[in-house]
Amino acid sequence: MKKSLFTFVLSLMWITLAFAADPAYENAMKKQIAAMSTIQSADESQSVANGFLRIAEAKSEEWLPLYYAAYIQSTAAFRFEVNKDQFFDQALELVNKADKIAPNNSEITALKGYIIMGKLSVDPMNRGQEMSPLALQTFGKAIALDKENPRATTLMAQMELGMSQFFGSGPEKACGLARVGLELYAKEETKITDGYLLPAWGKNLAEQVANSCK
Amino acid sequence: MKIRLILLAYFFLSQTLAFGQTLISGKVLDEKGNPLPGVNVFIKGSFDGTSSDTSGAFEFETTETGDQLLAFSMMGFKTQEIYVALSAPKLEIEALKLVEEYNEMNTVTISAGAMEASDEKKSVILRPLDIVTTPSAMGDIVGAFQTLPGTSTVGNDGRLFVRGGDASEVGIYIDGMRVGNAYGTTAGNVPTRTRFNPNLFKGTFFSTGGYSAEFGQALSSALALNTKDLAIRSQGDLSLMSVGGGYAHTLANDKRSISISGNIFDLTPYQALVKQNFDWERSPYGLDLEVAAQHKLNKGGLLKVLARTETGGMKLWQPQPGMDGKGILVDLTNNYTYAQTNWRKTYENGWTLFSGVSFSHNKDFISYDDLDVERKNNLTHVKFSTIKDFSDRFSAKTGVEYFIHDYSEKLVEEDLDRSFEENEAYLFTEWDWYLTKKFVLRGGLRAGHSKLVVDQWLDPRASLAYKISEFGTLSLAAGRFHQLPVDNFRVLDVTLKNSESKHLILNYLFQNDGRTFRAETFYKSYDQLVKFEGYPQNPQNLRNEGSGFAKGFDVFFRDQKTFKNTDYWVTYSFVDSERSYNQFETNVQPDFAPTHNFSVVVKHFIVKLKSQLGASYSFNDGYTYTDPNFSGEMNSKTSAYQNLSISWSYLPKPNLIIHAAVTNVLGTENIFGYSFARNPNEQGQFESLPIGQTAPRFLFVGVFLTLSKDKNANQLNNL
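Protein sequence lines, in the order shown, are assigned to chains Y and X. Per the working numbering, residue 1 is the first one in the first sequence, and the count goes up by one each step. Per the working numbering, residue 1 is the first one in the second sequence, and the count goes up by one each step.
It cannot be assumed that every hint is accurate.
[What the hints assert, rightly or not] So, partial list: chain X residues that the calculated Cβ filter (under 10 angstroms) puts toward chain Y:
hint, residue
1, S51
2, M74
3, K78
Note that these hints are calculated values from the structure, not bench results. No residue lacks a Cβ here, since even glycine has one placed at the ideal position from N, Cα and C.
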């Protein structure tokens, strides 16, 4: 009896241990997330992405480091003078790896849509017809997976804004979405503490879309 | 005591951890010895590592000890791992070279004879969308390819003619499976079009010669159409056109999609409004039903099914030279079915497997004056192929194919018929070897066997490409090609053997950021072409005794960059071709091979009007014909052919397109040849009638509406 109780307690402890956060992982992530906001060049971007990839390599069960690496790779394509198609393709490869670890994750799905939107922006004339419905559908899926995900709603707003500009229709749909996005960001901000590792980017995008509605 | 010892040991160990830091430094280079920045250098299994800087150098501290794996990784390069012993405070690693992985983006592509239309690959010439929006094409795949180098427009035929070859010399494939009777059956001198809708395909590969060992039974060209993968959403597509209408419904989820469409076309209302040159008793009409389904299987396999069935016909008077009145009444009905399924899967270990089956069935009833003819053609194609990537530099494709082909012709009233049944087997293999990223060699062999002719043959093919500058590639292709004669000759004499052609092609391709320049020169020989005595309608004494050649060059320039929202391409093809074939006793220039061929396509998008305006112009120097009033064969030539077409696509909403197009705006009276009376009249002259266009112009207006019940679309509307 005593023995079994001991085993029980031990196994319980083991489970708690297994679920307990890994401080080394958390610290490494925090360091890279902090570095992420200081990126000013393609080289710096590469080195932060590499940091996340190292974590991904060591902690192959975590989707977040791959997610961030993909995110950095795609923002680099938007921001810097690089081979955009190549960067977006690499980002897509990484986000697909993250998707395998954590299927049906709203954040991963939204990022995938973000990358598709990036690929579209490289050659809108030729890729628009095929990729804009694909991007819309991906954002739609991300929203369906988590209605509280501000990035899913905001990116959808941005896509809708682009479409309304192209077709000269009113931006009402985009504006409504951006407002919802901003509300969701406000909600998200209350959750953010010092050790918050989950994605929190994109508020400025929601503001941009909302501003164009005034 | 014991506890003290443990504590001591623990203390000692943690001290080692704290003081056992190692500073690792080194340098990463590429294959040429240039510094490689941005390489991720790290101790495997730890968070310790860094990125190499612009000089390729790296330096980082690690607390790991003992034997560890130091990894060097960067996307696009092969990851390298080396063992390091971490004991000293400093460790300097020797300069290390990373090897770049060969992939489609950074290696050379063979472009001799090849023109690709795809969204996925580089070195494409056209995008799938370009096919639909080329004004002169009127939505026909082949119509768009007629604006590309190496082709000539034969306006009274409508099929694809490549480099001095006739239309039967182009083999048409869908997902690698042969399509029998890919063009609609038509009456003489009424141009036809491809049966398949361009929206079915995600990409096309068009070869003007020297093509892969995967394809055969086509002396000139292979046109490979690849169907779309999984549809991304459920939707309905409604089309209303001046010539008919249709509806397609697509159901899709993450795993599978199916799309069913039905179309009806009838030129009766149109021809009642717009004056025609031909005397129609019944305007061309047709009905079709099509199903396309895609299914993603577990672990990356993809299964596709495509089936189409259609029926149609026409009835018209064909005037005869030297005869008064309306001429001869031609009444034609056609039934056609094509079905195929294929499965493809790529395995992690470098193998890709493909298998497919296709079936084409065509049945024509033609009454020509008082002669009723029934014609049947069935083609079954079975194929299995594998691709093995031995490394990123070396891959091999190997396959087997089997064809069952039966053809019959019947005179209904007289109850006379003739037919043949053929079985063909093929074996092919093709090897790609990248010596460097800039240099690729491809060698292929195709072996064939015909049961009916009791003959076997072997076709070697080879090509190579060399990247001579950052954006320029030089390619060379050569090969031998065999093709059995057309069905209506074979049915008269089943012992007719293959005709043979040899190709040699030199190509230069320059592609940079929205601009493409392509120049190609070729030589093509023909042997064992079918010759006969008498008239083509009633050939006698058929034999494989003809021969000929085609040589020339073509240039192509496309620019999407210079003018904003404007895309244009210019093509010129020069073909010098002569052959002794059919009834011709001497070497003649065939009537389907004009010497100078020129075309321009311009598309301009006006954002303000949400419209794309397009124009295309084609020109050739005329078609040869034999005038029996003079001596010699193919002794005359028609005046030059030209056609200016314009189109306007208007996108008022994302899901609505209004498209209007007019061909031959200038109303040029193009003549494609003359038909002559068989016997001279009282003055000793052979009377003639020009073979012209069905109408001076063709007008098209269509409205295309997409209805999508996407859940999130509804959700958005509620906001």
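For this session: Could you check if X:M74 really has its C-beta closer than 10 angstroms to a C-beta on chain Y?
Result: Interface hint status for X:M74: holds (8 angstroms vs cutoff 10 angstroms).
For this session: Report holds or violated for the interface hint on X:K78, using the least CB-CB distance to chain Y and a cut-off of 10 angstroms.
Result: At about 15 angstroms, which exceeds the 10 angstroms cut-off, the nearest Cβ of chain Y leaves the hint on X:K78 violated.
Exercise. Does the CB of X:S51 sit less than 10 angstroms away from some CB of chain Y?
Worked result: holds, 4 angstroms
Taken one by one, the earlier hints fail for this structure only at number 3.
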